[in-house]
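These protein sequence lines are chains S and G, in that order. If you're matching positions, the first sequence starts at 1 in the working numbering and goes up one per residue. If you're matching positions, the second sequence starts at 1 in the working numbering and goes up one per residue.
Calculated directly from the structure, the hints in this document are not laboratory data. Do not rely on the hints blindly, as some may be mistaken.
For chains that are exact copies, the list does not tell them apart, and a pair is met inside one copy or across any two.
[What the hints assert, rightly or not] Restricting the straight-line Cα-Cα distance to at most 30 Å, the calculated cross-link-like pairs of lysine-lysine (DSS-like) are:
id	residue 1	residue 2
1	K256	K329
2	K17	K304
3	K304	K330
4	K256	K330
5	K256	K185
6	K329	K93
7	K17	K329
8	K329	K192
9	K192	K17
10	K229	K185
11	K255	K17
Number of protein chains: 2
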Amino acid sequence: MQLSEIYNQVGPWLDPKGPRSEVVITSRIRLARNIVGFTFLSQASAAQQNELLQFVHEKIMETELRDGIWFVNMEDISPLERQMLTERHLISKQLAEEEGPRGVMLMQDESLAMMVNEEDHLRIQAMSSGLQLQRLYERISRVDDLLESRMEFAFSPQYGYLTACPTNVGTGIRVSVMLHLPALKMTGQMEKVFRAARDLHVAVRGFYGEGSEPIGDLFQISNQTTLGKTEEGIIEELIRQAIEPVIEYELRARKKILEERLPALDDKIYRALGVLDNARLISSEETMYLLSYLRLGVHMERIKTISLETINRLFFFTQPGHLQHLNRKKLDTQQRDQARADFIRRELHASRN
Amino acid sequence: MQLSEIYNQVGPWLDPKGPRSEVVITSRIRLARNIVGFTFLSQASAAQQNELLQFVHEKIMETELRDGIWFVNMEDISPLERQMLTERHLISKQLAEEEGPRGVMLMQDESLAMMVNEEDHLRIQAMSSGLQLQRLYERISRVDDLLESRMEFAFSPQYGYLTACPTNVGTGIRVSVMLHLPALKMTGQMEKVFRAARDLHVAVRGFYGEGSEPIGDLFQISNQTTLGKTEEGIIEELIRQAIEPVIEYELRARKKILEERLPALDDKIYRALGVLDNARLISSEETMYLLSYLRLGVHMERIKTISLETINRLFFFTQPGHLQHLNRKKLDTQQRDQARADFIRRELHASRN
Numbered sequence: 001m002q003l004s005e006i007y008n009q010v011g012p013w014l015d016p017k018g019p020r021s022e023v024v025i026t027s028r029i030r031l032a033r034n035i036v037g038f039t040f041l042s043q044a045s046a047a048q049q050n051e052l053l054q055f056v057h058e059k060i061m062e063t064e065l066r067d068g069i070w071f072v073n074m075e076d077i078s079p080l081e082r083q084m085l086t087e088r089h090l091i092s093k094q095l096a097e098e099e100g101p102r103g104v105m106l107m108q109d110e111s112l113a114m115m116v117n118e119e120d121h122l123r124i125q126a127m128s129s130g131l132q133l134q135r136l137y138e139r140i141s142r143v144d145d146l147l148e149s150r151m152e153f154a155f156s157p158q159y160g161y162l163t164a165c166p167t168n169v170g171t172g173i174r175v176s177v178m179l180h181l182p183a184l185k186m187t188g189q190m191e192k193v194f195r196a197a198r199d200l201h202v203a204v205r206g207f208y209g210e211g212s213e214p215i216g217d218l219f220q221i222s223n224q225t226t227l228g229k230t231e232e233g234i235i236e237e238l239i240r241q242a243i244e245p246v247i248e249y250e251l252r253a254r255k256k257i258l259e260e261r262l263p264a265l266d267d268k269i270y271r272a273l274g275v276l277d278n279a280r281l282i283s284s285e286e287t288m289y290l291l292s293y294l295r296l297g298v299h300m301e302r303i304k305t306i307s308l309e310t311i312n313r314l315f316f317f318t319q320p321g322h323l324q325h326l327n328r329k330k331l332d333t334q335q336r337d338q339a340r341a342d343f344i345r346r347e348l349h350a351s352r353n
Numbered sequence: 001m002q003l004s005e006i007y008n009q010v011g012p013w014l015d016p017k018g019p020r021s022e023v024v025i026t027s028r029i030r031l032a033r034n035i036v037g038f039t040f041l042s043q044a045s046a047a048q049q050n051e052l053l054q055f056v057h058e059k060i061m062e063t064e065l066r067d068g069i070w071f072v073n074m075e076d077i078s079p080l081e082r083q084m085l086t087e088r089h090l091i092s093k094q095l096a097e098e099e100g101p102r103g104v105m106l107m108q109d110e111s112l113a114m115m116v117n118e119e120d121h122l123r124i125q126a127m128s129s130g131l132q133l134q135r136l137y138e139r140i141s142r143v144d145d146l147l148e149s150r151m152e153f154a155f156s157p158q159y160g161y162l163t164a165c166p167t168n169v170g171t172g173i174r175v176s177v178m179l180h181l182p183a184l185k186m187t188g189q190m191e192k193v194f195r196a197a198r199d200l201h202v203a204v205r206g207f208y209g210e211g212s213e214p215i216g217d218l219f220q221i222s223n224q225t226t227l228g229k230t231e232e233g234i235i236e237e238l239i240r241q242a243i244e245p246v247i248e249y250e251l252r253a254r255k256k257i258l259e260e261r262l263p264a265l266d267d268k269i270y271r272a273l274g275v276l277d278n279a280r281l282i283s284s285e286e287t288m289y290l291l292s293y294l295r296l297g298v299h300m301e302r303i304k305t306i307s308l309e310t311i312n313r314l315f316f317f318t319q320p321g322h323l324q325h326l327n328r329k330k331l332d333t334q335q336r337d338q339a340r341a342d343f344i345r346r347e348l349h350a351s352r353n
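Full structure from sequences and hints, please.
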């Protein structure tokens with residue numbers, strides 16, 4: 001399999017069969033690590049960064065991870081490919097857009113990505129569909145151990161793992177889930193969620209992570225503290241205090257809407273379908289927003305002619321990078337809006353035949 | 001034929017075969033008249049108003065107009081019926097909503113309406129589809145002459161016909177056309193039209209006349225001066241100075257859109273269709289707004305599956321009064337929005353089979 005082949009498939013983290021996938025789209029955990037013997041990145045020269053990139057690559061290839069892994073040097077691929085990797089949530093915007101020697105090692109099933117020379121020397125990320133943080137943690141711990149057997153991570157007995165940014169010191173862990181919360185949004189309860197999150201020191205963010213706006217009623221919930229607790233404690237607490245209650249609220253809000261506001265719900269769902277079926281120009285944001293209602297409609301069994309697989313396909317391939325890849329050429333904003341609308345109409349039509 | 005039967009048909013003034021109907025929906029002319037021997041309405045008692053109502057009725061029944069005319073006493077019909085007559089533009093909002101003895105004599109083909117005890121003793125109105133003001137003026141003059149042979153109109157050799165409001169003194173004529181100007185709206189040129197109209201002493205108003213907002217890109221153009229010119233002069237000038245140039249601008253704007261903004265045009269047209277085909281709740285305003293785009297789409301040959309007849313049917317029967325009549329019960333706003341959406345989906349579906 002070639003790296004280029006994955007661009008033609010929907011990211012496995014969108015698999016609609018993940019646990020609790022009626023609300024939880026995806027789970028992810030990342031560990032921030034720095035390697036003893038190498039200068040921290042804020043001080044490192046390009047030569048030192050390059051040396052580190054080669055070092056990590058070599059060491060990983062000495063482990064059992066070598067099977068089914070791609071090494072992707074950011075300087076070897078096009079801006080469009082970097083954009084697609086960002087859209088697939090395999091690399092960060094920062095890794096895609098900054099300069100200098102940097103890369104990512106990707107498991108071919110897109111369940112694991114190890115970025116080198118992002119903010120820290122190494123960022124290990126594991127992801128899956130639905131709510132499966134415990135399983136992910138077991139996975140990423142094994143990877144962490146494998147790597148630690150080949151290199152020494154900067155670690156202080158007092159503080160734990162040392163990281164470029166003090167907010168990551170300690171466990172270096174970030175645990176996050178992407179939640180689909182259209183009913184909380186529709187009933188105006190998101191403010192309540194944001195307030196509760198603040199009190200719990202939990203971050204609620206948009207679809208593309210830090211600093212991004214929520215799009216299509218997708219919200220990312222993640223831990224903010226990494227210090228003074230074990231990894232298992234952080235995960236358990238995040239699930240119990242934040243994720244489970246929010247899932248519960250969302251499901252209760254959906255039930256209430258079904259009971260009390262069915263025409264308003266159907267109106268939103270079917271208008272979304274009507275616009276997607278007919279628009280000739282459509283932005284990426286509007287697409288996500290409308291697909292969000294279709295997704296809700298499918299989960300609430302208000303719409304039966306469209307499958308989650310179709311929605312996920314549309315969700316994925318209407319992103320600017322993937323859309324240009326599909327069209328095999330660079331497109332400006334208006335051309336993208338037109339190509340996106342054409343693609344959506346075609347896919348929806350095909351999915352019903 | 002019964003009065004109640006007309007509520008089930010589309011108003012003939014919406015006939016899509018009228019001259020220049022790609023832009024001009026309807027033409028209308030009204031004459032304001034007061035009758036010598038009766039107190040002006042601002043001073044008249046209910047008894048006097050009643051006497052006038054009977055007098056006018058009797059006199060009209062002595063003329064050839066008696067054939068095919070209905071006499072409708074406003075106090076004898078329900079508020080819903082009054083609302084429907086307003087929606088059919090056969091009576092004014094004022095006649096529908098005020099109290100006291102008042103009525104209208106209606107030609108059964110809806111081409112002529114004579115309101116008694118509105119602002120003036122008598123308001124004679126003639127209407128037709130498309131642009132046919134000269135023909136209408138010939139018609140209404142004949143009616144005016146017929147009435148004048150049976151009663152004396154208040155007339156001053158110096159000022160002309162005397163009316164309740166000084167703006168109508170003189171000829172007492174108001175000439176108006178309802179224009180569909182979506183391309184001027186889309187290209188942001190309506191301000192230019194409003195400015196030109198002000199310079200020409202021509203009024204530009206919304207769909208329901210004085211004080212109403214433009215809905216669905218429908219604008220009413222009418223003369224503002226009634227004094228110091230002949231009726232023919234007023235009509236000729238309004239056509240030459242205002243109506244023809246605006247039609248010309250609109251057609252030019254449509255051509256420009258076809259040449260330069262086809263995807264944006266198709267996007268608006270097809271989104272409108274998508275929403276109408278799918279909404280479960282829809283307001284009267286949004287309906288008109290969306291039908292306006294469908295109408296444009298048909299005239300510009302961008303849409304071939306929908307006929308003007310269907311659009312006109314939807315336009316007519318989605319108005320609040322007609323909608324409740326169709327549903328045979330009083331409906332609150334939310335119920336109307338739901339019934340309207342259901343009706344539109346049903347009609348669009350039926351029209352394509």
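Hint-by-hint comparison with the structure:
1. Taking the shortest alpha-carbon separations for K256 and K329, only the inter-copy value of 29 Å comes in at or below 30 Å, while the best intra-copy value is 46 Å.
2. Taking identical chains as interchangeable, the C-alpha atoms of K17 and K304 lie at most 30 Å apart only when both belong to the same chain, with a minimum of 17 Å there against 42 Å between chains.
3. Taking the shortest Cα distances, K304 and K330 never come within 30 Å of each other, neither inside one copy (36 Å) nor across copies (33 Å).
4. In this assembly of identical chains, the alpha carbons of K256 and K330 lie at most 30 Å apart only when taken from different copies (28 Å versus 45 Å within one copy).
5. For a Cα distance limit of 30 Å, the shortest separation of K256 from K185 inside one copy, 13 Å, qualifies, whereas the shortest one across copies, 41 Å, does not.
6. With identical chains, the CA atoms of K329 and K93 are at most 30 Å apart within one copy only, with a shortest distance of 22 Å there and 58 Å across copies.
7. In this homomeric assembly, K17 and K329 never come within 30 Å of each other (Cα to Cα): the closest approach is 33 Å inside a single copy and 47 Å across copies.
8. Proximity of K329 to K192 under the C-alpha cut-off of 30 Å is found in neither arrangement, the shortest distances being 44 Å within a copy and 41 Å between copies.
9. For a Cα distance limit of 30 Å, the shortest separation of K192 from K17 inside one copy, 29 Å, qualifies, whereas the shortest one across copies, 57 Å, does not.
10. When the C-alpha separation of K229 and K185 is checked against a cutoff of 30 Å, the pair qualifies neither within a copy, at 32 Å, nor between copies, at 62 Å.
11. With identical chains, the CA atoms of K255 and K17 are at most 30 Å apart within one copy only, with a shortest distance of 21 Å there and 51 Å across copies.
Hints 3, 7, 8, 10, counting from the list given before, are not met by this structure.
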